[in-house]
Amino acid sequence: MGGGTKLPAMSESEIKKTFPGLEVGNYTITSPSTPEYNCIAWAAGDIGEWWWPDANNQYYWPDEVPREESLGAFKDLFEKRGYQKCETGDYEEGYQKIAIYVDAKNKPTHVSKQLSSEIWTSKLGQIEDIEHPFQGLDSPTYGSVAVIMKRFKQC
Amino acid sequence: MNDPVLADEIINIAEDDSTIGPDSKLVKRYVEDVATHFFKPLTRQWANPPIRFFNLKSQWEQETAMLSSVTEIAMHSSYQQIIGMGPSVIPLILNEMTIKPGHWFWALKSITGEDPVQSKYRGRIKEMTKAWIQWGEEQNYLP
Numbered sequence: 010m011g012g013g014t015k016l017p018a019m020s021e022s023e024i025k026k027t028f029p030g031l032e033v034g035n036y037t038i039t040s041p042s043t044p045e046y047n048c049i050a051w052a053a054g055d056i057g058e059w060w061w062p063d064a065n066n067q068y069y070w071p072d073e074v075p076r077e078e079s080l081g082a083f084k085d086l087f088e089k090r091g092y093q094k095c096e097t098g099d100y101e102e103g104y105q106k107i108a109i110y111v112d113a114k115n116k117p118t119h120v121s122k123q124l125s126s127e128i129w130t131s132k133l134g135q136i137e138d139i140e141h142p143f144q145g146l147d148s149p150t151y152g153s154v155a156v157i158m159k160r161f162k163q164c
Numbered sequence: 282m283n284d285p286v287l288a289d290e291i292i293n294i295a296e297d298d299s300t301i302g303p304d305s306k307l308v309k310r311y312v313e314d315v316a317t318h319f320f321k322p323l324t325r326q327w328a329n330p331p332i333r334f335f336n337l338k339s340q341w342e343q344e345t346a347m348l349s350s351v352t353e354i355a356m357h358s359s360y361q362q363i364i365g366m367g368p369s370v371i372p373l374i375l376n377e378m379t380i381k382p383g384h385w386f387w388a389l390k391s392i393t394g395e396d397p398v399q400s401k402y403r404g405r406i407k408e409m410t411k412a413w414i415q416w417g418e419e420q421n422y423l424p
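Quick note, the sequences are listed as chains A and B, same order.
Residue numbers for the first sequence follow our numbering, beginning at 10 and rising by one.
Residue numbers for the second sequence follow our numbering, beginning at 282 and rising by one.
No lab work stands behind these hints: they were computed from the structure.
Please note that a few of the clues may not be correct.
Simulated DEER-style distance windows between Cβ atoms [unchecked claim]:
| id | chain 1 | residue 1 | chain 2 | residue 2 | range |
| --- | --- | --- | --- | --- | --- |
| 1 | B | 367 | A | 155 | 35 to 43 angstroms |
| 2 | B | 367 | A | 30 | 36 to 44 angstroms |
| 3 | B | 362 | A | 128 | 35 to 43 angstroms |
Incomplete in silico selection of chain B near chain A, CB under 7 angstroms [claimed, not checked]:
| id | residue |
| --- | --- |
| 4 | 346 |
| 5 | 347 |
| 6 | 348 |
| 7 | 382 |
| 8 | 386 |
| 9 | 387 |
| 10 | 406 |
All residues carry an ideal CB built from backbone N, CA and C; glycine is no exception.
Looking at chain B on its own, in the form it has when it is part of the complex (with noise of 0.2 angstroms):
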């Protein structure tokens, strides 16, 4: 190894974890890198609405976990900008509803200008969530 900053960081790396090879680090860390590099423009994302909306989505599930009210939840500014990517976004969110619920009817009602929970069921995370995703399969918005 002639490159002696490269040594150095293989030495750094192989110092963070002992059961991973300094190579194998040094090849994950600049996967990750091309990773991160290759996902983050905002011109990437706008042409591709999935890595956005799982970006926005990411961010906004981190930064709203703890909070009860409705509308700070839909407010934030990561779920502001999804209900503006438009109705591109609605199978990514009824997909995602059906993998894990979420306070996403606020989104969905926004784009769609529709509301398919009955009122009985208002506040019932999984009878919306069922509402919801009924009324994708219907729309052919999901299989």
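Only chain A is shown next, with the shape it has when bound in the complex (with noise of 0.2 angstroms):
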């Protein structure tokens, strides 16, 4: 994405209090608020649907993953796309990297995708795209950091 699009100044002030390790200068949101995708999709590479594996049925996720909310089913979804599990979020040349946030509970809640040595891209929620910080999510509501997997990157 990237070009930091003017955004509603509601947007910002939601962030900074959500997420503590954000303040001004270490993030940008790079995309207008959009609920068609989410965080999940964001790092898969989909921007047409929303991805989670609720109970209902209702949303998107792939068949060939087990339809639950643990942090097995979210790591059996990014190694069934390539992804191997590592030790740390620094970046490493030619490799593309993804960080699943769990939950006290360990229950995922979101994931990160890297983009170079200091920046990472999210999606939250219904809202905003933005690159910040690795580990600038660990909050209440998204816990922290669980698992950090990497692939090749893709041309």
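Combine the two chains into a complex, taking the hints into account.
Okay, here's the thing in structure tokens:
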């Protein structure tokens, strides 16, 4: 994305309130607000669907992945897209990394995707995409990073 | 002006914003207070489903905007209270969807027992919204 779209002030204040690790200068809003896709879709390269393994079977979730809200299912989702678990969020040339966040009950809440050595990108729920530091979204709302995965960058 | 408390209040309000006169600010504040006291009581909300719906919707939207988990979004207490209001909120939800897409699918399915969204459109918010609006029109919930 990129480009720094002009956005309503409410989003910025809400973002800062929700994520204590974000402050002026260390994050950028990079898209308009939209409910059409979420962080999982964004990390998987899809901006047309909302991905979630809901029990009601109303949202998109790949058939080949167990439809359950567990860290195992989320890891499986990205393993099936060529990712493997790795140890750190440090930038590695030639690799694409993602980070899965979980809450205190170990339930997945969010996925971020690495762009460069210090910049990660996230779709925040129903609002905007932002660029932010690694672990910049640690918060009571998203919990913290539980798993980092990487794959060879695809052209 | 003989009331010193009222005079202080006018002065304080006037200091907040120099673009509106103090009398106008005082009137505006009183109107806001009256509106708040009128709409807040639960008894009045219960008697007026649209007021209750919009209060709950506003709180739900504000507190779930950052979430990706549809389960968390739908399990929010305000959303569950909206579901608990039953069929009376169907037209309110559908009308809301014609204005702004949102995650109303869980609530509609829970209340109506229906799901008009084809499986190929799962997760496609525009298509899901369109399917429910069309369903609402067919069921005469929408004009």
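Tell me, in ascending order, the numbers of any earlier hints that this structure violates.
No hint contradicted; all consistent.
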